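J.: The lines below spell out each chain.
There are 2 protein chains.
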Amino acid sequence: MYRNQFIHQQIEGGVTAPQGFRAAGVAAGIKKNGNKDLAILVSDVPANAAGVFTTNKVKAAPLLVTMENLQGGKAQAVVVNAGNANACTGQQGLDNARATIGAVRQALNVEEAHVLVTSTGVIGVQLPMEKVLSGVGQAVKELSYHGGSEAAEAIMTTDTFPKELAITLELGDQKVTIGAMAKGSGMIHPNMATMLGFITTDAAISSDLLYSALRETTEKSFNMVSVDGDTSTNDMVVILANGLAGNKEITAKGDDYIKFKNALEEVCIVLAKAIARDGEGATKLVEIRVLNAPSDSDAIKAAKAIATSSLVKTAIFGSDANWGRIICAAGYSGADFDPNRVDIFLGDEKMAQDGCGLDFSEERAREILEQEVVVITVDLKIGEHKATAWGCDLTYDYVKINGAYRT
Amino acid sequence: MYRNQFIHQQIEGGVTAPQGFRAAGVAAGIKKNGNKDLAILVSDVPANAAGVFTTNKVKAAPLLVTMENLQGGKAQAVVVNAGNANACTGQQGLDNARATIGAVRQALNVEEAHVLVTSTGVIGVQLPMEKVLSGVGQAVKELSYHGGSEAAEAIMTTDTFPKELAITLELGDQKVTIGAMAKGSGMIHPNMATMLGFITTDAAISSDLLYSALRETTEKSFNMVSVDGDTSTNDMVVILANGLAGNKEITAKGDDYIKFKNALEEVCIVLAKAIARDGEGATKLVEIRVLNAPSDSDAIKAAKAIATSSLVKTAIFGSDANWGRIICAAGYSGADFDPNRVDIFLGDEKMAQDGCGLDFSEERAREILEQEVVVITVDLKIGEHKATAWGCDLTYDYVKINGAYRT
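Chains V and U are the protein sequences, given in the same order. For the first sequence, position 231 matches number 232 in my numbering, and the numbering has no gaps at all. For the second sequence, position 97 matches number 98 in my numbering, and the numbering has no gaps at all.
Treat the hints with caution; some may be incorrect.
List time: in silico DSS-like cross-link candidates among lysine-lysine, alpha-carbon distance up to 27 Å [unchecked claim]:
hint, chain 1, residue 1, chain 2, residue 2
1, V, 132, V, 142
2, U, 221, V, 58
3, U, 351, V, 58
4, V, 58, U, 132
5, U, 351, V, 387
6, U, 58, V, 351
Rather than coming from a laboratory, the hints here were simulated on the basis of the structure. Computed from a prediction, not measured in an experiment: that's the story for all the values here.
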């Protein structure tokens, strides 16, 4: 996965790194290529749980069922299939989502309302339930306290690498662990939970604060990623906190909450960047930093518009230092700023000052653009707010992958 | 140009078809490839004039100067250069735009406030004024009552064909002509004047009503086109009405106004479709019809989101009948509708009913998608409002063209 500098200590194990979580990933035959396509994640005890979901008006059947089950703030198991989104599938889709939950409930002997279900893949085709149910049976048999990587692999669709990590932090005298896995790639855009993300922790924290921490961190991580401007019918991020670390339960927004939230934010940002880097067909990770905006909202709007612009993305693919497209995207973003004060940097090379082009070194600009990570900084110079968004370049392979996804 | 079924009678001549308009297009050396790159359009007499402009916060220098000059509601000449946008060029950019106007004023002996200037091309580079001024001199010499096509050719950037047309209508006993030319291709998106468009007419109509007719028709034509979701710093559409047809001046929103507006709408829609068809790298024109929406605004939002979706556009390029991406785009558009009532058609083939997929003929769907014009109909079935948007497919060539536009 994309290399990062970690603030917290990183450990192995992904979603099964925290105490009391088992996982498995199996090939149920839903994907045509025979790859792993069904994952189950389960906590030894019912966990406090929270989720954020797509804002798309068209919501997939499993999403609707999971949103309903999460209302109680508790969950113990999550079942995920890749290869079929179970979206735009009507009543039968809802019945199939519930049948999948039923199978998990029965095999694991957990409460039906504590099982979450999600699907990702092609839209508008009914789930092959025989394969799903047999896959559930097989996955339950293979559940393991070291199964995180298997699960991370099974939730992939057009992803080119599995995305998982785990970090530790101290809360009081207790070591607490947060583990996570995600899948991303196409159909990913801001204003959403943007993809599938599953986070586990053995921290003890109330459902309300868990939701609050997830909401806040999602805003600064998954919601700042754009691959192609499209937002999916199936996106969600859920977190399960089973309390087995034995820390004093976090029930207020004090020091422990801040520590936990900061750690969660690091996890989410690492995954968000990995998703951007693994955007369909992408060859580069692009980080857009907007500085000195009049408000957070202005900074976010400008950063997202630049990250989403097809013209900026193709220029980066072609290593063309076309900074005019960057200021242009900021200009139509709706962000408030003065075009005549904007400075633009590519890496540490200043391309424009006070809205006008500088004589920069084309050679140096090309060097920066040919790196695997391209950082663009836009200094609006009229306030004190900032935002960071992540995206990727737009390449021939994006067109290739998406020109024949379904058939 | 893209073939259309005309309601009004089509004639030759483009912007010089109406009485009293001359035009020229010359190669001033601004484009590296030596193609025509500077156009002048002039009316024999001062004309009533109106314009609509980009909503991008970053506005090019010539746009600012032209907006100022148009405040008087009169214009006699328009000068356009391609190859350089004169955007993000600061005070020198404004000085250069004014110097260009000055040269035209002097050569044609018209009022400075009656000259409009516009530029299109790369952002952030100062205009090569020696070339521009010498081009103005040459173009003035070549002005002709049959120069419409030369001008239409000179305003092209990445366009693959010139876009011009002229139609006639009757107002009272007088024959009135409307001529037009446009350039489009990349960086084109709804909510804007979206591209460069120049419309001439010999109709007599007040400036106020001219503006009103242009605003209304732009909403249903140029603002419904999307090539890549990016909105430019330079887009504008201007119209000059010199009154030489001798019709009774249109000064109220009566029958003549309606007739004129309908004709103008046809002109603008033909050009808008040509721009979509000629989207950078495009191989197909896509027409999105949203029917039975609860409001105009809902219909427009849904149609534009579908036309803009990179996933829909790549699927059409690949002739993949991935209707799930269509309903998904409607879902995140912000339009109000019930996902469980939506019907989706590809051409005349029904792909989905009440939000669920149907068993459609893959072969028939591929046949429809392989045509040069693909019509997608989305019936929301909850109201009586509709909208039509135009776009194109997203291809390898779009990436190629935009990966190395500047260098």
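J.: With reference to the structure, classify each hint as holding or not holding.
T.: Against the structure, the hints:
1. With a C-alpha separation of about 15 Å, the suggested pairing of residue 132 (chain V) with residue 142 (chain V) holds against the 27 Å cut-off.
2. A distance of roughly 25 Å separates the Cα atoms of residue 221 (chain U) and residue 58 (chain V); the hinted pair therefore holds under the 27 Å criterion.
3. A threshold of 27 Å between alpha carbons decides the hint, and for residue 351 (chain U) with residue 58 (chain V) the separation of about 21 Å falls inside it, so the pair holds.
4. The straight-line distance between the Cα atoms of residue 58 (chain V) and residue 132 (chain U) is roughly 53 Å, outside the 27 Å bound, and the hint therefore fails.
5. Proposed proximity of residue 351 (chain U) and residue 387 (chain V) is contradicted: the alpha carbons are some 47 Å apart, above 27 Å.
6. A hinted pair counts as satisfied when its Cα atoms are at most 27 Å apart, and residue 58 (chain U) with residue 351 (chain V) qualifies at roughly 21 Å.
Checked against the numbered hints given earlier, this structure breaks hints 4, 5; the rest are met.
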